[in-house]
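Each protein sequence line maps, in turn, to chains P and R.
Counting in my numbering, the first sequence runs from 1 upward without gaps.
Counting in my numbering, the second sequence runs from 1 upward without gaps.
Mixed in with the good hints, there may be bad ones.
[Said to hold, decoys possible] The list that follows gives simulated cross-link-like pairs (lysine-lysine, DSS-like), each with its CA atoms no further than 27 Å apart:
# : chain 1 : residue 1 : chain 2 : residue 2
1 : R       : K163      : P       : K339
2 : P       : K121      : P       : K20
3 : P       : K252      : P       : K74
4 : P       : K335      : R       : K91
5 : P       : K88       : P       : K252
6 : P       : K78       : P       : K252
[Stated by the list, open to error] Non-contacting residues of chain P with respect to chain R, defined by C-beta distances greater than 12 Å in every case (computed):
#  : residue
7  : F21
8  : F57
9  : R61
10 : W120
11 : L216
[As the list claims (entries may be wrong)] Looking from chain P toward chain R, a few residues come up when the C-beta cut is under 8 Å (computed):
#  : residue
12 : F90
13 : I127
14 : D130
15 : I131
16 : F135
17 : L137
18 : V142
19 : V144
20 : Y145
21 : T148
22 : W152
23 : L161
24 : L164
25 : S167
26 : I171
Treat the hints as calculated values from the structure; they're not laboratory data.
For glycine and all other residues, C-beta sits at the position ideal for the given N, C-alpha and C.
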Amino acid sequence: MMQLPVLDETAVQIIATIVKFLVVLVGVLHIPPVMIWVERRVPALMQRRRGPNRVGFFKWRLWGLLQTLADAVKLIFKEESVPGSAYKGFFHLAPLIGLLPTLLFVSAIPFGPAIEIGGWKIPLSVIELDIGLLFILAVTGVGVYGVTLAGWASNGKFSLLGSLRASAQMISYEIPLGLSLIPLVLIYGSLNLQQLILAQSSVWKWGIFLSPISFLIFLICMFAETNRAPFDLSEGESELVAGFHTEYGSAKFALFFLGEYVAMFALSCLCSVLFFGGWQIPFVAHEQLVSLTGSVNIAALCGVMALLLKAAFFMWLYVWVRWTLPRFRYDQLMKIGWKFLLPLGLANVCVTALVLAALA
Amino acid sequence: MVEVWFFYFFAAIAVVASLGVILLRNPVAAAMLLVVTLCALAAEYVLLGAEFSAAIQVLVYAGAIVILFTFVIMMLNLGQEEVGQLAGFSKWALLLFMLGGAGVILIQRLSMGALPPGVPGGAASDNTYEVGMALFTKYLWPFELASLLILLALIASVVIARKPTFPSRDA
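One chain only, chain P, in its complex shape (with noise of 0.2 Å):
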């Protein structure tokens, strides 16, 4: 018989890492479907219609939901055009460095508390990091080269233009979506994503309480950075085509939709964790938890059905605003982005700072 290799703690961890980061892919991979789906089957009921209900197995139907399944299909098997005026290198190289980032961006996210395999300790996300609110911000910031290259190489008037407003938009927000962070680290005194999420041990001490303003000014740079509906001026049918993607066809443009949504996905995780205590579930504690069902990898699994469960709603929420909300102009989007989202952010931290010296 063979001698099973005795594994050692780095050995461990670097196996549970490939794990995580192969599920999280997949799973990751299959949002983008669902969303579609939702986002034409939603709007569909709000107003009135049926939306796309046809595909599917003979006569069961699904709901329609196969219908993405076809889409995704047709668009993996299209031909592919490319501009010839495009910088062919970037035009093929964009989409891949829009996804990056996004993909990064989960793998640091907390999805709940760890899990034992064996006696090893494993923690439940991809990588864990003690800078992991920096180092999703330094993330976020990368991510605007994909819009921006992608709208430079296709070397069209749509396509710059749509770009050169994604990029300038995301800059102006990336601010703001900083600014409303540093009061949630002031309070709890972290930077690790795992360690915000302790700190809000019972309801009361949700980020959404004890930091408000900073929900809203998050909430709102959430939409703008991941260039939705009230703030996808980037895409405007109207003027712009497309945008930044007029030229793009075929797997190249599901790429950018899988950044988009993927994009959306991180975000919504991320403001379940800072402001709704993460994999927490209200009212029961951790402990309780592991005790009532005997074991802490099924308490873990609880944890991340919540988690995804919070997430799902502010998915639900993008959805909402885009077919509530009409698209602003972009002098007005400038506006608030810099002189009341700013400022606020700004007197935000000061307000919190010296609450929070006071009670010391």
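Given chain P, put chain R in place with the hints provided.
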């Protein structure tokens, strides 16, 4: 030992990418390689146990400053031809300059003798704390003065960027 190989790996990336930054004619490609260089340097910081500096490096340089470079390049829409004309000096002068610089560093390094053994960085969780403590106690005045300097630069750039104001006709 693994760390040493990672160090050489990222160092090689940084050197090759930064050569690309100064040698390539295409301005956007040069800017992108600058991002690669900065990220490789950030990876080196992580290997040295300075995670905070690494995150700030990517956040500020790669995420903000180079984006503004690319923005300007795109706004002016510099093609490859225009930049070719800008680079007026010969590659040999550049090579000589680089070799000279490398020589100076080498001579300085050799004249120093053996370096003292490196001080191991603090535990990763203390990283942010240590930086904060250093900035707000020992280096408080330099820190505050530097921020004042940056504020001045900010105001100056706003003044320069504003349209020149002419005395209005009513006055």
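Going through the hints against the structure:
no. : hint             : verdict
1   : R:K163 to P:K339 : 20 Å, holds
2   : P:K121 to P:K20  : 13 Å, holds
3   : P:K252 to P:K74  : 12 Å, holds
4   : P:K335 to R:K91  : 46 Å, violated
5   : P:K88 to P:K252  : 13 Å, holds
6   : P:K78 to P:K252  : 10 Å, holds
7   : F21              : 18 Å, holds
8   : F57              : 46 Å, holds
9   : R61              : 46 Å, holds
10  : W120             : 20 Å, holds
11  : L216             : 23 Å, holds
12  : F90              : 7 Å, holds
13  : I127             : 11 Å, violated
14  : D130             : 5 Å, holds
15  : I131             : 5 Å, holds
16  : F135             : 6 Å, holds
17  : L137             : 6 Å, holds
18  : V142             : 5 Å, holds
19  : V144             : 5 Å, holds
20  : Y145             : 7 Å, holds
21  : T148             : 6 Å, holds
22  : W152             : 5 Å, holds
23  : L161             : 10 Å, violated
24  : L164             : 7 Å, holds
25  : S167             : 6 Å, holds
26  : I171             : 6 Å, holds
Hints 4, 13 and 23 from the list above are not met by this structure, while the remaining hints are.
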